[in-house]
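Q: Going down the list, the protein sequences come from chains A, B, C and D. Heads up, the first sequence is in the numbering used here, so the first residue is 1 and it goes up one at a time. Heads up, the second sequence is in the numbering used here, so the first residue is 1 and it goes up one at a time. Heads up, the third sequence is in the numbering used here, so the first residue is 1 and it goes up one at a time. Heads up, the fourth sequence is in the numbering used here, so the first residue is 1 and it goes up one at a time.
Misleading hints may appear alongside valid ones.
Since copy identity is lost for identical chains, a pair holds within one copy or between any two.
Each computed DSS-like pair below joins lysine-lysine, with the alpha-carbon atoms no more than 27 Å apart [said to hold, decoys possible]:
| no. | residue 1 | residue 2 |
| --- | --- | --- |
| 1 | 23 | 183 |
| 2 | 5 | 259 |
| 3 | 334 | 183 |
| 4 | 182 | 236 |
| 5 | 334 | 258 |
| 6 | 259 | 304 |
| 7 | 23 | 182 |
| 8 | 304 | 236 |
| 9 | 56 | 23 |
| 10 | 23 | 334 |
| 11 | 258 | 5 |
| 12 | 183 | 304 |
| 13 | 334 | 259 |
| 14 | 258 | 203 |
| 15 | 203 | 334 |
| 16 | 176 | 23 |
| 17 | 203 | 236 |
| 18 | 236 | 56 |
| 19 | 236 | 5 |
| 20 | 182 | 304 |
| 21 | 236 | 183 |
| 22 | 236 | 176 |
In case anyone wonders, no lab produced these hints; they're calculated from the structure.
There are 4 protein chains.
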Amino acid sequence: QQDTKQRKAEHVQIVLNEDVTGKGITTGFERYRFEHQALPEIDFDSISLQTNFLDKTLATPLLVSSMTGGTHETGNINRVLATAAQERGWALALGSMRVAIENPETHATFQMRPFAPDIPILINLGAIQLNRGIGLDQCRQIVEIADADALILHLNPMQEVFQPNGDTNFAGLLQKIEALSKKLDVPVGVKEVGWGIHGSLAKQLYDCGVHFIDVAGAGGTSWSQVESFRSTPILKRAADAFLDWGIPTADCIYDVRKKVLNGFLIASGGLQSGVDVAKSIALGANLAGFGRFLLRDAVDEPSKLVERMAQVELELKLAMFGVGAVTIDSLGHKFINRIG
Amino acid sequence: QQDTKQRKAEHVQIVLNEDVTGKGITTGFERYRFEHQALPEIDFDSISLQTNFLDKTLATPLLVSSMTGGTHETGNINRVLATAAQERGWALALGSMRVAIENPETHATFQMRPFAPDIPILINLGAIQLNRGIGLDQCRQIVEIADADALILHLNPMQEVFQPNGDTNFAGLLQKIEALSKKLDVPVGVKEVGWGIHGSLAKQLYDCGVHFIDVAGAGGTSWSQVESFRSTPILKRAADAFLDWGIPTADCIYDVRKKVLNGFLIASGGLQSGVDVAKSIALGANLAGFGRFLLRDAVDEPSKLVERMAQVELELKLAMFGVGAVTIDSLGHKFINRIG
Amino acid sequence: QQDTKQRKAEHVQIVLNEDVTGKGITTGFERYRFEHQALPEIDFDSISLQTNFLDKTLATPLLVSSMTGGTHETGNINRVLATAAQERGWALALGSMRVAIENPETHATFQMRPFAPDIPILINLGAIQLNRGIGLDQCRQIVEIADADALILHLNPMQEVFQPNGDTNFAGLLQKIEALSKKLDVPVGVKEVGWGIHGSLAKQLYDCGVHFIDVAGAGGTSWSQVESFRSTPILKRAADAFLDWGIPTADCIYDVRKKVLNGFLIASGGLQSGVDVAKSIALGANLAGFGRFLLRDAVDEPSKLVERMAQVELELKLAMFGVGAVTIDSLGHKFINRIG
Amino acid sequence: QQDTKQRKAEHVQIVLNEDVTGKGITTGFERYRFEHQALPEIDFDSISLQTNFLDKTLATPLLVSSMTGGTHETGNINRVLATAAQERGWALALGSMRVAIENPETHATFQMRPFAPDIPILINLGAIQLNRGIGLDQCRQIVEIADADALILHLNPMQEVFQPNGDTNFAGLLQKIEALSKKLDVPVGVKEVGWGIHGSLAKQLYDCGVHFIDVAGAGGTSWSQVESFRSTPILKRAADAFLDWGIPTADCIYDVRKKVLNGFLIASGGLQSGVDVAKSIALGANLAGFGRFLLRDAVDEPSKLVERMAQVELELKLAMFGVGAVTIDSLGHKFINRIG
Ligand SMILES: Cc1cc2nc3c(=O)[nH]c(=O)nc-3n(C[C@H](O)[C@@H](O)[C@H](O)COP(=O)(O)O)c2cc1C
Ligand SMILES: Cc1cc2nc3c(=O)[nH]c(=O)nc-3n(C[C@H](O)[C@@H](O)[C@H](O)COP(=O)(O)O)c2cc1C
Ligand SMILES: Cc1cc2nc3c(=O)[nH]c(=O)nc-3n(C[C@H](O)[C@@H](O)[C@H](O)COP(=O)(O)O)c2cc1C
Ligand SMILES: Cc1cc2nc3c(=O)[nH]c(=O)nc-3n(C[C@H](O)[C@@H](O)[C@H](O)COP(=O)(O)O)c2cc1C
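For reference, chain A alone in the conformation it holds in the complex:
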């Protein structure tokens, strides 16, 4: 358990201080361009970012992606993120709560409801834990600890295999995800961590009762690279061959939406601006998440974090204005063209 805590703290350090961006792969957003509308025929002030998620009304279609928790420092990061998310009306996802299951002293680092009374809070667990003795009871327990609106399970096979003692038996998980989705009192979502989810898998997952999917695609952080900094020499060298692994975020969204018309869909993985958010939504996402992009401010300059989030919102509004869309719902395919 000490390991898990330490790992989460190290992740933050590695992600902030090393070059962990994938090479030879991009998010794919640069291959799409909005068709500028010179006469938008709307009032900028009438643009609304309001959306619904997990039976709550959100001021924005934005999400703080699952990142951290479990130690003193990462608990502080969570509080900074939670406070800002509440202020700006973003949904909030917390990092994996595996550590919390057997370490009551870590619970406080995940208890963000006091700081974020109005927004959806998502707790996070590796789906692989369902193969390691974690079941409905423990999930209920962590939902309760965090007073969460939903649980989002991450699929991270390539991250696990790049860890020296990673959990690498991914057999039979779909069934367990299905069972959990049907029995847990809050909705269950599924995400990747940076290599993406393609359309066929998304369809399988929705069909199993999963309530929402976050593609968490490639083009941002390479998690094999991140883990390689903490791994054996042989895995470290192997990571080089996987720097371009994964499905670009934009391609995931496009592919999932092509195969599943209605599933609730979150875009994340390497997003850098409100324009990326706008593209995600135009391509079919309902929400868009940011992880690493928010981390430096959250760690170094908590006071700037709200401003950075406001900047993303503003960019999103500016993009909507530039195509003449007043609501998130109306920001559709027709506004965007593939250019590459």
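Based on the hints, put chains B, C and D with the ligands in the right spot on chain A.
A: Using the frame of chain A, we list chains B, C and D with the ligands on its own:
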């Protein structure tokens, strides 16, 4: 009003001294190549650039794009531009005359008829002003002040939203443009300012009675970038995400001409040479405009401006010679191929 | 004969010390990307690389490509390669045995069976030798010397013509290859040396009774470049024009498999990682070979060689895990997409 | 006349000392790749480059392109080129003989027959001269002076317009070319000088009785650039806009051969190696010409010129060997693929 004056003066300075060229986007002219005609079967000396615009005969199919006016210095710039345009037979567009409506002392900076007796003079106003109390009367007034042949309204939604107190209610404008076009005594045109007009909008505008359209496309100056130098920190940072916004100039022309066979069409936005002019015309434009390209000479070396304009004309003639076209009218699609 | 020995020794030196990688051409593997499977539904530990080749079971679908032999030093290299191949369960190919036919004192440098009792050993000869007096008898002789499981003939027309006294009469070889394939007691394969074998030729060869083909494609070492270091000034300069000659390895595999559904196929030529191996197999290869990639360790740090081979295997397993393939046989086309 | 002499001498200096290669355009040969044939089934020594041109048998399908003559120095260059062409069996084209028509003292600089008794000698004249008083008589005269096998007229509209007093009336030339072709005692060919000839024009020319065409395409020397070094400031600046003008050499050949199945066709313009020659021929050319590539040796190291020509021949043979073609006639489309 002081603001407006100052803004126009600052625009000139920013455009001349800062890197305000869009990134990640080009005019698109480099994706077209003329098919060289080794045996043009024409006499270079018989090539004529003559064209008609606004019931006047013009020596060239060229336009000095709307840029400035309103202050002592910008008035001087206008006089330099007007004198050169008259000498070379280019049409002349002036910068926005909003400032002139309530500031009689600025009128002289827009009165270019004495310097340009024979060429079409276009005055300019933001279409957005039609939502801000400006109407037929004021338009008539400024037409009269400048003794103008036409009024060209600019659509600049993305520029307005990047200004701290920009006018950002673009609702209901089409109707007002239609009304004005039908009632004003001189023809009314519509232009963008650097993000382009696509074919469907052009069709709507022509159908409303607009007499000509200047696509003013992307690939040259990024106006979000220009405004960011005068804006709030948050807008300044947001401008980065819009450096590649807009529709490349060449794509605009192609698209407008595909959807509207006959409307009078002006190409502008990032043009750099007479070859770009030739490509514009081959793609379907009737006239081609230059803004920033002329500005440095107009400000720093007025004496060189005429030479630079002559260079553009010469390059246009050279390109026409290279494909064997003697008149602007005959410079059509068949001479050009898409290569990228 | 002295020449032949010396040449093989010089090849090793040139390949290790000069820039002999082709320019303007790549293996083509970068134009393919696996479709990441976020929920592989397999246990990493159940992944097996086991395969069959030449009636033997191999722990891996990997091959040490034909490289060297004939001198004291290169004999040592062979022993290092053989020992490692035996340890890791790779097949082992030796360099050309022409020199051994008339030089009994070189035999020991090709006798690797004591070091590699369990794996397939392939001996190698230039197919061109069949036009130079070498026939069934000599082939039988060298099979025996090396206690080989198969003979693989290399086609190297472009290498021969870049040698001052190369053997450049390639007429009538197909027939001789056919005769040899039908009569030799061990299976006969055919390979290139770095410019590739296309689908139509592969079909011809299989139809003639050749048992397996190694495409040995372009994108890695340029053998015209290697030979140019030992050649006349005029050939040296000519080599520049051939730096991009050949068929990219990935294209060879794709093309051969399109034209021949069942022939046993080896991918080699510029492979750099287990991901390249996985792509080769997904594109239709049965085995994948490495030459230059293994050479430096074999020469400079024999103790590291096994680790490097283990790294390739690990990367291959990681890639299989990332798409959810448990066996080499199941690693097929459906997992891979062309992206460029 | 002094001008013409001087110009030809200056051309040599500019071409050797300035950067006059077009930018933003290439020959296009890099977009084609031969399909390597690992088993060519031919003897390298049986490869023959022999071809026929102008009723003579030539040892190679190669041509020294029209370059120079008229002054003491350029006469020497011609002699060096002629001697080498005779030795290697290349056809020889001389530079424009306009200067010779009224300057008997220059005749010796074009009289290469003594140095090149066996090969076709082509004399050269600007087609534009037919609009400047030059006619059948003068053409007969220069054929006789040079004891030429053919006259090749160059089309150079873009070169003329970039000269201060260029001849720029290209009207009515086709008819005059037709008349001359029909009446002159030796065959008449037509070439460009570096911007290429497209298929439709080639068809027109062949239909008029022109005996052969040299595309002289783009991707090598930009002649607007060359002339700009000798021109007015305005033309010098204009040259920048024409650095990418023209039709890539490879595209010309492809296009001409698509439209005209049988016309005798010469590829030139930017060729750099025997591989480029092989590609030209595979794309449909009968002969391939080199200009600037030979010039430096011809001027600086005459003794190296023969070796450089031998290198081109060798590279051509090597390419033929690499695809298994024994004769120039058999080197066809099927051996080459478009890759870009
Ligand atoms: C420091 C850090 C820690 C992370 N920890 C987790 C985690 O515990 N659980 C999880 O599902 N994803 C985790 N992620 C991955 C993000 O949630 C990622 O999947 C999401 O797509 C955001 O991508 P981005 O960082 O490129 O914006 C982490 C990301 C970062 C940067
Ligand atoms: C300094 C400057 C000031 C400008 N001011 C105006 C203006 O007042 N009204 C307008 O419609 N466009 C204005 N423009 C935009 C140009 O008219 C632009 O739309 C046109 O396409 C020329 O583009 P170019 O500068 O890339 O050549 C201005 C451009 C510049 C460079
Ligand atoms: C030093 C060296 C020597 C080689 N000698 C031979 C040889 O004797 N016979 C042969 O068929 N190929 C020889 N090859 C070529 C390899 O077997 C090559 O065909 C194979 O595709 C491996 O390519 P790679 O070196 O790019 O991995 C040699 C390669 C190297 C690097
Ligand atoms: C120095 C020099 C002088 C030339 N002079 C002539 C000339 O007098 N007449 C002509 O038709 N072409 C002339 N050319 C053009 C070549 O013949 C050219 O058309 C041919 O395609 C060779 O191209 P390359 O120089 O790129 O190999 C000249 C080229 C060079 C480099």
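Q: 27 Å Cα cut-off: does residue 258 pair with residue 5 within a copy, between copies, both or neither?
A: neither (39 Å within a copy, 51 Å between copies)
Q: Pop the pair residue 236 and residue 176 into one bin, within, between, both or neither, using alpha-carbon distances up to 27 Å.
A: Result: close neither inside a copy nor across copies, 32 Å intra and 49 Å inter.
Q: Within, between, both or neither: how does the pair residue 183, residue 304 come out at a Cα-Cα threshold of 27 Å?
A: Neither, since 40 Å and 52 Å both go past 27 Å.
Q: Should residue 23 paired with residue 183 be assigned to within, between, both, or neither, using CA atoms and 27 Å as the limit?
A: Close neither inside one copy (41 Å) nor across copies (51 Å); limit 27 Å.
Q: Within a copy, between copies, both or neither: where do residue 236 and residue 56 come within 27 Å Cα-Cα?
A: neither (43 Å within a copy, 33 Å between copies)
Q: Between the shortest in-copy and the shortest cross-copy C-alpha distance, which are at most 27 Å for residue 334 and residue 258: within, between, both, or neither?
A: both (14 Å within a copy, 19 Å between copies)
Q: How would you classify residue 5 and residue 259 at a CA-CA limit of 27 Å: within, between, both, or neither?
A: neither (38 Å within a copy, 55 Å between copies)
Q: Should residue 182 paired with residue 304 be assigned to within, between, both, or neither, using CA atoms and 27 Å as the limit?
A: neither (40 Å within a copy, 51 Å between copies)
Q: State whether the alpha carbon distance between residue 23 and residue 334 is at most 27 Å within one copy, between copies, both, or neither.
A: Between copies only: 24 Å across chains, 31 Å inside a chain, cut-off 27 Å.
Q: Please work out whether the CA atoms of residue 56 and residue 23 approach to 27 Å or closer within one copy, between two copies, in both situations, or in neither?
A: neither (38 Å within a copy, 39 Å between copies)
Q: Taking 27 Å as the upper bound on the Cα-Cα distance, should residue 203 and residue 236 be classified as within, between, both, or neither?
A: neither (34 Å within a copy, 41 Å between copies)
Q: Indicate which option fits the pair residue 304, residue 236 if close means a Cα-Cα distance not exceeding 27 Å: within, between, both or neither.
A: between (35 Å within a copy, 15 Å between copies)
Against the hints set out earlier in the document, violations occur for numbers 1, 2, 3, 4, 6, 7, 9, 11, 12, 16, 17, 18, 20, 21, 22.
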